[in-house]
Amino acid sequence: MPASLKIKALTKSIWVFHLACSPCNNCDIEILDVLTPRYDVERFGIQLVGSVRHADALLVTGMVGRKVVDRVKRIYEQAPKPCVVIAVGGCACSEGIFRDSYNACGPLDKIIPVNAYIPGCPPKPEAIIMSVVKLIKALKGEK
Amino acid sequence: MSDKKRTIIPIGPYHPLQEEAEFFKLYVEGEKVVDMDIELGYNHRGIEKLSESLHWDQSTFLVERICGICSTSHPFAYVNAVEDLAGIEIPIRAKYIRSIIGELERIQSHMLWLGLAGHFLGYNTVWMWSWKYRELVNDMFEFITGNRMHYAMMKIGGVRRDIEKKDIPQVEKMCNDLIPALDLFKGAVMDDPVIHARTKGVGILPREVAVDYCVVGPTARASGVDIDVRRDDPQNSAYSLVDWKVIVTQNGDVFDKAVVRILEMYESIKIIRGCLSGLKKEPEGIFDLNVKEIPSGEGIGHYEAPRGEVYHYVRSDGTNRPVRHKVRAPSYVNVPSNQYAVKGETISDAAIILAAVDPCYCCTERVAVIDKEKNKKLMNGFDLIKLCQKKTELLRKMSF
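Chains A and B, in that order, are what the protein sequence lines are.
Using my numbering, the letters of the first sequence correspond one by one to residues 3 to 145.
Using my numbering, the letters of the second sequence correspond one by one to residues 6 to 405.
Please keep in mind that the hints were generated in silico from the structure rather than gathered at the bench.
No residue lacks a Cβ here, since even glycine has one placed at the ideal position from N, Cα and C.
Don't take each hint at face value.
Unchecked claim - Below 25 Å or equal to it, Euclidean Cα-Cα: the simulated DMTMM-like pairs (lysine to aspartate or glutamate) are:
1. A/Lys14 to A/Asp42
2. B/Lys178 to B/Asp188
3. B/Lys275 to B/Asp188
4. A/Lys126 to B/Glu272
5. A/Lys126 to B/Glu350
6. A/Lys139 to A/Glu128
7. B/Lys331 to A/Asp102
8. A/Lys75 to B/Glu44
9. B/Lys170 to B/Glu272
10. B/Lys54 to A/Glu97
11. B/Lys54 to A/Asp102
12. A/Lys126 to B/Asp167
13. B/Lys54 to A/Glu128
14. B/Lys286 to B/Glu169
15. A/Lys126 to B/Glu44
16. B/Lys137 to A/Asp102
17. B/Lys171 to B/Asp188
18. A/Lys126 to B/Asp182
19. B/Lys30 to A/Asp72
20. B/Lys137 to A/Glu128
21. B/Lys137 to A/Glu144
Said to hold, decoys possible - Partner residues are not named here, just some residues of chain B that face chain A (Cβ under 8 Å, in silico):
22. Leu67
23. Lys137
24. Glu140
25. Val142
26. Arg153
27. Met154
Let the hints inform the model, and build the full structure from the sequences given.
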């Protein structure tokens with residue numbers, strides 16, 4: 003399959019898998035918020051899926067704890083490639099307030115490759131939508 | 006265990022049923038659930054240890070990040086504990102504001118639960134509706150505190166921001182807008198024959214068992230245990246100053262747990278209205294004591310979070326950091342009661358029973374409890390929600 007077709011298939015109707023590492027639940031709630039009537043991104047074909055094997059994008063929240071780190075790697079390997087990884091919230095981007103915790107295993111981008119970062123504690127739904135739009139543009143090579 | 010043919014159904018750690026990583030092991034014979042194991046620890050972040058390395062005021066922000074849904078309850082209990090340690094009585098205006106924030110949070114948390122419960126039962130309309138009206142509460146949080154979640158309102162000796170006189174009509178308007186939405190949900194849950202058939206008599210937790218498991222919050226009150234920290238011990242809050250009542254029902258099934266939560270939202274609105282009229286009478290500007298020194302000693306604080314009693318213990322040696330900080334979250338005692346409630350039920354009911362206590366693992370996991378039993382037979386990719394929704398669909402067809 004040519005690369006351009008792959009990108010087209012990837013960005014047409016993004017199915018996201020929600021991967022909660024060790025979050026405080028807030029980013030996860032905001033992700034669900036994006037799917038519910040006020041923001042309603044399902045209009046654009048963006049859908050939350052139950053299995054990582056159907057996913058185009060991984061939304062990762064929370065700092066990566068010691069018990070989850072192997073599972074995060076395994077889940078990333080199970081995702082069909084090409085896929086994009088989006089780090090949602092301050093904890094996934096840089097571990098935030100849990101940086102000094104004995105259970106923290108380093109920021110997410112040291113564990114799996116990350117394509118986009120959404121800072122904020124938690125990021126507003128508008129910020130999550132904007133990051134997805136920017137990411138699609140970047141993947142297509144637009145500016 | 007060995008002579009009968011048992012199948013183990015793993016739910017999790019990453020499963021569409023849960024937002025958070027959690028591992029349930031259901032032992033089933035045919036369609037009947039005979040036992041259950043819970044494995045925790047995916048969410049452990051070492052918060053108690055971190056808290057010992059932070060300043061008293063910084064810890065307020067840390068405990069806020071224990072859980073995003075009850076992100077006022079933890080700081081509320083924590084500042085109560087520190088104020089208990091230092092023997093501080095906060096200004097009455099701060100008491101009112103604390104109660105308003107706490108009750109707004111209860112409304113949004115119960116709505117969130119109602120939506121998810123509707124989703125598990127196959128009523129996605131309920132899910133979408135309740136999350137739509139939940140946005141009203143989130144807007145109000147943004148208006149009062151500046152953030153949709155993680156409000157950062159609690160402070161040792163008071164609150165961080167005032168609710169001024171000119172802001173009060175806005176909050177009152179939100180309360181008025183919410184009432185029709187609540188009536189809608191009350192009607193949707195209480196009058197629907199299919200929801201009755203799915204939830205009545207399912208996952209019963211009798212009163213004696215509820216007492217044995219020491220469950221708290223709506224889970225206990227649905228089983229007829231009359232406990233509520235807001236009424237029993239209103240530390241530094243305005244609950245003793247306004248008129249409201251504790252909702253208690255007797256049956257302990259999933260239906261009663263839903264009813265308790267819906268009726269509690271009405272009480273929350275009553276409390277908010279009472280607090281607002283109290284705020285109007287108080288002079289503006291005095292809402293913080295500006296506490297600098299924390300003496301040595303120990304203090305206990307608790308608060309009724311949307312899921313039950315949150316308990317914080319702090320010990321100080323007179324320096325600017327806690328020597329020991331212990332947290333006990335409500336889900337920690339509520340989740341094991343699933344083990345009783347789910348026994349003897351069918352697998353298709355397990356999803357809603359597990360969800361009925363409104364488990365919150367972010368709160369629970371500061372201590373890791375790991376069960377190291379080896380499995381023999383695993384059935385993977387079992388979609389529990391699908392099964393649960395199918396059963397509702399079937400019942401719906403039968404009722405027409």
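- Item | Minimum beta-carbon distance criterion (8 Å), leucine 67 of chain B to chain A | holds (6 Å)
- Message: A closest beta-carbon separation below 8 Å is what the hint needs, so does lysine 137 of chain B meet it against chain A?
- Response: Hint holds; lysine 137 of chain B Cβ to chain A Cβ min 4 Å, cut 8 Å.
- lysine 171 of chain B and aspartate 188 of chain B: Cα distance at most 25 Å? Since the Cα atoms of lysine 171 of chain B and aspartate 188 of chain B sit roughly 29 Å apart, the hinted pair is violated (cutoff 25 Å).
- Message: Just to be careful: measuring from the Cβ of glutamate 140 of chain B to every Cβ in chain A, is the smallest value less than 8 Å?
- Response: The hint holds - glutamate 140 of chain B has a Cβ within 8 Å of chain A, the shortest such distance being about 5 Å.
- Query: Has the given pair, lysine 137 of chain B with glutamate 128 of chain A, been kept, meaning a C-alpha gap of at most 25 Å?
  - Reply: Holds, at about 16 Å.
- Task: With a cut-off of 25 Å on the C-alpha distance, tell me whether lysine 178 of chain B and aspartate 188 of chain B pass.
- Result: Holds - the C-alpha atoms of aspartate 188 of chain B and lysine 178 of chain B are around 16 Å apart, at most 25 Å.
- Query: Do the numbers back the hint for methionine 154 of chain B, that is, is its least Cβ distance to chain A under 8 Å?
  - Reply: holds (5 Å)
- Item | 25 Å Cα cutoff - pair lysine 126 of chain A, glutamate 272 of chain B | violated (29 Å)
- Straight-line Cα separation of lysine 126 of chain A and aspartate 167 of chain B no greater than 25 Å? Holds, because 23 Å separates the two Cα atoms, which is no more than 25 Å.
- Take the C-alpha atoms of lysine 54 of chain B and glutamate 97 of chain A, compute the straight-line distance between them, and say whether it is at most 25 Å. Roughly 16 Å separates the two Cα atoms, so the pair holds.
- Task: With a cut-off of 25 Å on the C-alpha distance, tell me whether lysine 30 of chain B and aspartate 72 of chain A pass.
- Result: holds (20 Å)
- Query: Between lysine 275 of chain B and aspartate 188 of chain B, does the CA-CA distance stay at or below 25 Å?
  - Reply: holds (15 Å)
In this structure, the earlier hints numbered 4, 5, 13, 15, 16, 17, 21 and 25 are contradicted, and the remaining ones agree with it.
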